[in-house]
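Student: Protein chains in written order, with my numbering: chain A, 1 to 520; chain B, 1 to 299; chain C, 1 to 99.
Since the hints were made in silico from the structure, they are not lab data. Just so we're clear, the structure is a prediction, and the values are computed from it rather than from any experiment. Don't take every hint at face value.
To be verified - Here are the simulated BS3-like cross-link-like pairs (lysine-lysine), alpha carbons at most 25 Å apart as the crow flies:
#1 C:4 / A:519
#2 B:47 / C:99
#3 A:299 / B:237
#4 A:466 / B:244
#5 B:30 / A:463
#6 A:466 / B:30
#7 A:466 / B:290
#8 C:4 / B:47
#9 C:49 / B:115
#10 C:61 / A:519
#11 B:19 / A:463
#12 A:466 / A:454
#13 C:58 / A:35
#14 C:99 / B:19
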Amino acid sequence: MINSVGRDIPDQVLKDTGMKVFQGSRARNAEEYVKAAPKVRAWIDPTESKMVADIHEALVKCGIKDGMTLGFHHHFRNGDKVVNMVMEEVHKMGIKDITICASSLGSAHNPILPMIEDGTVTGIQSSGVRGKIGDAISNGKLKGYAIMRSHGGRVRAIESGDVHIDISFIGAPTCDEYGNCRAVGGKSDCGVLSYAVVDAKYADKVVAITDTLVPYPNMPASISQIDVDYVVVVDEIGDPAKIATGAAKPTSDVRKIMMAEYCTQFVVNSPYFKEGFTYQTGVGGASLASTISLGEVMKERNIHMSVGIGGMASAMCKLLDEGWIGKLADTQDFDIDAINNIKTNPNHIEISGSEYANPMNKGSYVNRLDVVVLAALEVDTHFNCNVVVDSNGMITGAQGGHPDTAAGAKCTIVITPLLQGRIPCVKTDVTTVTTPGEDVDVIITEYGIAINPKRQDLIEAMKGVKLPFTTIEELRDLAYSMVGEPDPVEFGDRVVGIIEARDGTIIDVVRQFKPYEYKD
Amino acid sequence: MNPNLKRLRRTMMFLNCQKPGLIKDPYIYKPDSIMLDLEDAVAENQKDAARFSLYHALQEIDYHGVERVVRINGLDTPHWQEDVRVCVAGGCDSIRIPKVEHAKDVHIIEEAVRKAEDEFGREHGRILLMAALESTLGILNAYEICTSSELLFGCALSGGDYTKDLQTKITGTGVELNGARQLMIIAARAAKKQCFDTVFTNLDDMEGFIKETEMIKLMGFDGKSIVNPRQIAPTHKIFTPTEKEIDFAEKVVKEIDSKKAMGIGVFTVNGKMIDIAFYDGAKRTIDMAKAAGVYEGDL
Amino acid sequence: MELKGTGMAGTLESSDAQVTVEPGTNGIELSIESSVINQYGRQIRATVKQTLENLEIKNAKVTVVDKGALDCTLKARVEGAVFRANGVVEGLPWGGAIK
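Given only the sequences and the hints, what does the whole structure look like? Please build it.
Tutor: So, in structure tokens, the structure goes:
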């Protein structure tokens, strides 16, 4: 069945999953539903301890069995050790048919690979997958479909009951013996635990795993004792060097600086750049550079940002400290400065994944965004973006908050170089649609800027502005004239992955990777 | 006369011909000229390979009007003859001759270019030349070199080799280059040719780069050799005329054009008498203002 | 042109290609590995074959390891490898067999 971004979703997939096809970003607006609820085990006896000896005991007490769904968060990013240590124990116990429902997975989780091959893990639901797990899924090794969900989409799926987590394992930088978890302090300081909040509220069993047990009460807690069943202390939950890097040096790549400068000029000339505007940006070189140059214009014109939203890095924190931003609504910390800043600046505040981006609660922070600056692997002439599948057809990225912020913001800007090596980043059709073009307003490349024709208001607002405006078709033609028109990537028949739109419908599927073969 | 002789050359950016990633689209950074390097940047055993890259780059890549200068290997190497052939066959705009010390060095290349133009059926005089002065002797012979050929548009200082010859080094103060810079610019101007300053290689010292570029502009230089795109915008900013300068230049050009059309030989701007000697400078100011995108008049 | 020996040109850096040519007896035996093969495999092969044809190479074993090179670079690397194999560095047929 063809969905509203023109992708043909196979009937078999719809039958297997009971899902519907994507009908547009706001198709489910105002829909009413009853939230799911966890099965809770009462804890009346005050003499009972939540402390368990090890992960094995936690798994036994939680009643681990074949076919369960286990939840994890990705706040330790590439330094995460929790997924591997839990899954290793599950594997040892001979449990099969596990679905991992993580807020994201990366190359730190390569050790899961043999468990996919031997049937321990048969389902993966994540924002995305990098590294060997991505390759394994693309190569058809996972028994079920991998479901890729945005950060907001994951919360929605859990809260609405589309996925039910049996046991969630929450890596906690600090925790007390009654389960109060904080993201700050300890050996694996990660700043916030935003994406774990929904797990704590909706999983039947919640296990806090920490390497730093602190005296009771560990307050203010990101995850409260009222939601935690068991506490396990282990040697290390993460590798601090890989959790957060030092603050990235501003890029010296002139191409990125050019795109950043175009972006800043676009933003300051847009109707949204006024006192109290709201903003979100990523942590790529061009995004960071644009935050820095935007900050300079804010100071020049005495314009303040009321709130900065989403993942944080040093540039935004610096503007907060200097008083140019009112509040930071933080869901993830990308560098040490951001982690330190949330401890020292009271206006830097942790919000939950649901508050951030869930499309089906009563209104998330992304809905309040004026401007979001994003990146993409590919964009197309319909302004659709792909942030998950690489140019050879392999699953290699994550949706993150891309579709959420794009849908919420009044002005969604995507910065991408025109080419990555020979690969054109502006194409007729993206390999896989992960964010629909209806939510993308502006594409900025070093060769020119294209405004989505459906945003005539922005086109009008930019009249007379000295920026290299062009059309998306011209950008594509320019790219093709330099590198040649790419052949469409060919895939195998089997669907291996589902790209879930943030509202729970299917926006695209990913088919099995097919090694390239010459036709003759 | 080849109109390129007097074109604007504020920034001439070196690029290694052997690096496909570099020569693909350097015009995006908007230098006035790129200098595709076959000489120092290319290892001795890659000289042949670099020429193939150069040939196809010249033939197939649209550099969007950026001048394509090729730095060939020196006359003391076995490479320059083939370098000249590929430059002509590929159709570059200009050739930078390294280590020039005498007028005859320019004549040798001029002759080789003419021969190659005949071989490949190309029009004479389309490819221009520039001379890099890299030794004390080259500096002392700057005037002879600058007047050696009608196809030569100017000379450039190569500070690294020059300071070695001088038995000193690049200090960052500029003291070691003072004499060379003065001699060169005087010689170039006497010969009515352009003059370009040496590279500034410490990319982390943007302040030092800007200071040096401001200085050479005041000394009269037309532009600077650039090693990284980061140096382009600051250089162009320094070479961008002020509003006042542009306003004056515009009046000069208009006054002289209109009076000459009426056959009048006395010109006044802002109530003051000016003479015809103001004209070329005023034109150059307008050109620079246009290149910097700050001129909105009708000239 | 007949290949006299083995020649190699290019690097494994991004946007480059490394091309090796050896004398062969059985037409053009071409092996291509590329980081962009799924979108550009067809075009890479066509460019390499056309370049060899321009050079009138009829028999050769040709190995291309491509890292996203543009056509102009692929041509340059094939030509570089061929002329190296034959030890030719001067008097090259610019605009003739090299086009």
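Student: Each hint should be assessed against the structure and marked as holding or not.
Tutor: Checked hints:
Note on residue 4 of chain C and residue 519 of chain A: the hinted pairing is violated, with a Cα-Cα distance of about 32 Å set against a maximum of 25 Å. Annotation: proposed proximity of residue 47 of chain B to residue 99 of chain C holds, straight-line Cα distance about 19 Å (limit 25 Å). Taking the CA atoms of residue 299 of chain A and residue 237 of chain B, the gap is about 22 Å. The hint holds against a cut of 25 Å. Restraint check for residue 466 of chain A and residue 244 of chain B: satisfied, since their Cα atoms lie roughly 22 Å apart, inside the 25 Å limit.
Under the criterion of a C-alpha separation no larger than 25 Å, the hint pairing residue 30 of chain B with residue 463 of chain A is consistent with the structure, at around 24 Å. Our distance criterion of 25 Å between C-alpha atoms is met by residue 466 of chain A and residue 30 of chain B, whose separation comes to about 16 Å. Proximity of residue 466 of chain A to residue 290 of chain B is assessed by CA-CA distance (about 14 Å); at most 25 Å being required, the pair is judged to hold. As the CA atoms of residue 4 of chain C and residue 47 of chain B are separated by approximately 21 Å, the hinted pair is consistent with the 25 Å bound.
Between residue 49 of chain C and residue 115 of chain B, the direct Cα distance comes to roughly 33 Å. Violation of the 25 Å bound is thereby established for this hinted pair. Between residue 61 of chain C and residue 519 of chain A the CA atoms are separated by roughly 20 Å; this keeps the pair inside 25 Å, and the hint holds. Between residue 19 of chain B and residue 463 of chain A, the direct Cα distance comes to roughly 39 Å. Violation of the 25 Å bound is thereby established for this hinted pair. Taking the CA atoms of residue 466 of chain A and residue 454 of chain A, the gap is near 21 Å; set against the 25 Å cutoff, the hint holds.
Only pairs whose Cα atoms come within 25 Å are accepted, and residue 58 of chain C paired with residue 35 of chain A is rejected, the gap being roughly 71 Å. About 20 Å separates the Cα atoms of residue 99 of chain C and residue 19 of chain B, which keeps this hinted pair within 25 Å; it holds.
In summary, the numbered hints that this structure violates are 1, 9, 11, 13.
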